[in-house]
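Q: In terms of this note's numbering, the sequence shown opens at residue 1175 and continues consecutively.
Think of the hints as simulated: they come from the structure by calculation, not from any bench. There may be inaccurate statements among the hints.
To be verified - Within a straight-line C-alpha distance of at most 25 Å, the following computed DSS-like cross-link-like pairs (lysine-lysine) qualify: (1) 1247 / 1272; (2) 1262 / 1240; (3) 1272 / 1219.
To be verified - Simulated DEER-style distance windows between Cβ atoms: (4) 1221 / 1276: 34 to 40 Å; (5) 1181 / 1202: 31 to 37 Å; (6) 1183 / 1222: 33 to 39 Å.
These numbers come from a predicted model, not from an experiment. Idealized CB from N, CA, C, for every residue including glycine.
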Amino acid sequence: VQLQASGGGSVQAGGSLTLSCRAPRSILSEFWSYTLEWHRQAPGKERDLVAGISRSGSLEYAEDVKGRFTISKENTRRSVRLQMNMLKPEDTGVYYCKAERPDGTTSWGQGTQVTVSS
């Protein structure tokens, strides 16, 4: 599955950005069953989970983004979004979307850069 991510950019601390990730039309009928996640890779660091949403709608957030970030999905649009508010310089990094099928097959988007200046 080829995921297409968009929405990165540069903002000042306290600003907002919305990231989007869309899956191809070919998986429309099964998109609902995917677990969808956003991960962040800061410069010189490992890629870490930021937020996730299961096929049942259960949500998971990293501690440092709780209350500021919101993950959501639209099955009919085959998309997952990450609304990021009150951004901090430490949120800077490359953000990747990830889709996991029930059988464990995983696909990653190409990554989108988010830069937050103080």
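Q: Now tell me, hint by hint, if it's right for this structure.
A: A quick look at each hint next to the structure:
no.: 1; hint: 1247 / 1272; in the structure: holds, 12 Å
no.: 2; hint: 1262 / 1240; in the structure: holds, 13 Å
no.: 3; hint: 1272 / 1219; in the structure: holds, 18 Å
no.: 4; hint: 1221 / 1276: 34 to 40 Å; in the structure: violated, 23 Å
no.: 5; hint: 1181 / 1202: 31 to 37 Å; in the structure: violated, 21 Å
no.: 6; hint: 1183 / 1222: 33 to 39 Å; in the structure: violated, 21 Å
The structure fails hints 4, 5, 6 (numbered hints given earlier, in ascending order).
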